[in-house]
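Since chain A is already given, all that's left is putting chain B on it; use the hints.
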Amino acid sequence: MTSRDVLRLLFFALLVRPFLLVAIGLSVRHRERLPKDGPVIIAANHNSHLDTLALMALFPLAKLRKVRAVAAADYFLRNRWLKWLAVDLIGILPIERGTGRGGVDPLAQAVAALDAGDILILFPEGSRGEPEMRQAFKRGVGYIARRRPEIPVLPVFLRGFGKVLPKGDHLPVPFFCDVVIGEAMTGAGEGFMQRLEQAVDSLAGETPSPEWV
Amino acid sequence: MTELLSFTLFGWSGANVVILALVGLGLVVATALVWSRPEPAGDDPKALAKYRELRARIGSWWVMVALLVGALAFGPIPMIVLLGFVSYLALKEYLTIIPTRKADRVLLLIAYLAVPVQYYWVGIGWYGMFVIFVPVYLFLILPAAMVLRGETQGFLRAVGTLHWGLMITIFSVSHAAYLLVLPPPGAPSGMGPGLLIFLLIATEFNDVSQFLAGRRFGKRKITPKVSPNKTVEGFVGGLVATTLLSMALAPLLTPIGVPQAAAIGILLATAGFFGDIVMSAVKRDLGIKDTGTILPGHGGILDRIDSLVFTAPFFFHAVRYFYF
Numbered sequence: 001m002t003s004r005d006v007l008r009l010l011f012f013a014l015l016v017r018p019f020l021l022v023a024i025g026l027s028v029r030h031r032e033r034l035p036k037d038g039p040v041i042i043a044a045n046h047n048s049h050l051d052t053l054a055l056m057a058l059f060p061l062a063k064l065r066k067v068r069a070v071a072a073a074d075y076f077l078r079n080r081w082l083k084w085l086a087v088d089l090i091g092i093l094p095i096e097r098g099t100g101r102g103g104v105d106p107l108a109q110a111v112a113a114l115d116a117g118d119i120l121i122l123f124p125e126g127s128r129g130e131p132e133m134r135q136a137f138k139r140g141v142g143y144i145a146r147r148r149p150e151i152p153v154l155p156v157f158l159r160g161f162g163k164v165l166p167k168g169d170h171l172p173v174p175f176f177c178d179v180v181i182g183e184a185m186t187g188a189g190e191g192f193m194q195r196l197e198q199a200v201d202s203l204a205g206e207t208p209s210p211e212w213v
Numbered sequence: 001m002t003e004l005l006s007f008t009l010f011g012w013s014g015a016n017v018v019i020l021a022l023v024g025l026g027l028v029v030a031t032a033l034v035w036s037r038p039e040p041a042g043d044d045p046k047a048l049a050k051y052r053e054l055r056a057r058i059g060s061w062w063v064m065v066a067l068l069v070g071a072l073a074f075g076p077i078p079m080i081v082l083l084g085f086v087s088y089l090a091l092k093e094y095l096t097i098i099p100t101r102k103a104d105r106v107l108l109l110i111a112y113l114a115v116p117v118q119y120y121w122v123g124i125g126w127y128g129m130f131v132i133f134v135p136v137y138l139f140l141i142l143p144a145a146m147v148l149r150g151e152t153q154g155f156l157r158a159v160g161t162l163h164w165g166l167m168i169t170i171f172s173v174s175h176a177a178y179l180l181v182l183p184p185p186g187a188p189s190g191m192g193p194g195l196l197i198f199l200l201i202a203t204e205f206n207d208v209s210q211f212l213a214g215r216r217f218g219k220r221k222i223t224p225k226v227s228p229n230k231t232v233e234g235f236v237g238g239l240v241a242t243t244l245l246s247m248a249l250a251p252l253l254t255p256i257g258v259p260q261a262a263a264i265g266i267l268l269a270t271a272g273f274f275g276d277i278v279m280s281a282v283k284r285d286l287g288i289k290d291t292g293t294i295l296p297g298h299g300g301i302l303d304r305i306d307s308l309v310f311t312a313p314f315f316f317h318a319v320r321y322f323y324f
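Sequences listed follow chains A and B, in order. In terms of my numbering, the first sequence opens at residue 1 and continues consecutively. In terms of my numbering, the second sequence opens at residue 1 and continues consecutively.
Derived from the structure by calculation, the hints contain no laboratory data. C-beta atoms are modelled at their ideal positions from N, C-alpha and C, and glycine is treated no differently. Accuracy of the hints is not assured; some may be wrong.
[What the hints assert, rightly or not] Which chain A residues face chain B? A few, computed with CB under 10 Å, are given here:
#	residue
1	ALA23
2	GLY25
3	SER27
4	LYS163
5	ASP169
6	LEU171
7	PRO172
8	VAL173
9	PRO174
10	PHE175
11	PHE176
12	CYS177
13	PRO208
14	PRO210
15	GLU211
Extracted from the complex, chain A is given alone in its bound form (with noise of 0.2 Å):
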């Protein structure tokens, strides 16, 4: 473990699950069918900064350095202390939005991080948009899914992390938050995005949400 990985450790065992058993509270459905170990790709839904902390903190301290959320480079390499907070303490892995420009595989990154093995987390809205709405998805998870077809994508939806700390906030504020486990998809192809999205939105049928205006 490098120094990096023990910060990291420490970072979630002390700040981040503390601060999740306390001011949020997660109700987590269907935690059986969250795999052990990688390769595995995590699709969710993406409201709040909390999510990609949310997410990780699912695994255990110890698989920590196997979880990668993808992030777009454009917004976390903006300044070095934020690179410092997405690259070195979380992990992230940051990749262009959009096309690749300059014949670079936008993709290379992610895809060699899932041939390592590692558990990969994907927000296929591409950004947190509205709190509490889902926009559509994008094109991405398909493509890699199709690049590594044996690999399980895992739908995931996620309720209240909008609402804790929605775009352009910096106080959270603490409300009980959902995250549903959908079943393990394989074989991307033709209309896979599609399937994904009907995934993630049957799962969000499976918890009540009050109105928020």
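Chain B alone, transformed into the frame defined by chain A:
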């Protein structure tokens, strides 16, 4: 009987120790009964789910009793902090299940801050402030703060539901905590904890006995639209059982005498019943079955403390008026 219980153990009065030991014993018996049941054979998923829920419920009871006894053992302050945490969880649960407005985010943080403030009044024993902080000060301050946010759409509903939640989750529950500091200096040691232990045992016992009596004898529904499981027979059965329990326990744990304990038992059974069906009505209105998932086998915190929310203030004021 009273001479037998006049010892003290680790600074606790004998009655408190014996009654808590009896609660522990009851829990052991219940656990043995539940665990000795064989897993339902065949592939009826409903029976299996029910079997698992019962086991989970017993497990949650152990955690709750252990936390309460542990906190009580360390003195009034840890117990007040624990009940404050219960209020916080209940408020969080309430705010999660009701519709809220984005404009009120910061206001909800102020509402959360009210939890430590209210329990601070309890801790320092400032009765006057304790009893008006939520119903007077927050009642006026929260709408004032809300109006500054400038959003008038849904204003009345937002301010009304928020204040109702504060009354239920903070104000009512904190009455249970105030029992600890209610006896004046010089009162026999263990009287505060005795009052609280009595309230908790009688409230939970009433829940269970109304449920069991309803299942055994239940015929005539009281509130078919709100809670179809509540029957006249269940209510009366629970009331009789709780009154008898109150007459047996109150003289040991509290300054309440036997005839008065009968009245207290009736009060607690009635209040507990209404707490239960009021929370049922809230859940029906919101279209949910449980208020949360924090207590496996029970549901949410509000599902568990629904009757306590009603029994605590009634019991507190009855005791305070007649005995302190």
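For each hint, the structure was consulted:
no., hint, in the structure
1, ALA23, "9 Å, holds"
2, GLY25, "6 Å, holds"
3, SER27, "4 Å, holds"
4, LYS163, "8 Å, holds"
5, ASP169, "7 Å, holds"
6, LEU171, "7 Å, holds"
7, PRO172, "9 Å, holds"
8, VAL173, "5 Å, holds"
9, PRO174, "5 Å, holds"
10, PHE175, "5 Å, holds"
11, PHE176, "4 Å, holds"
12, CYS177, "8 Å, holds"
13, PRO208, "5 Å, holds"
14, PRO210, "5 Å, holds"
15, GLU211, "4 Å, holds"
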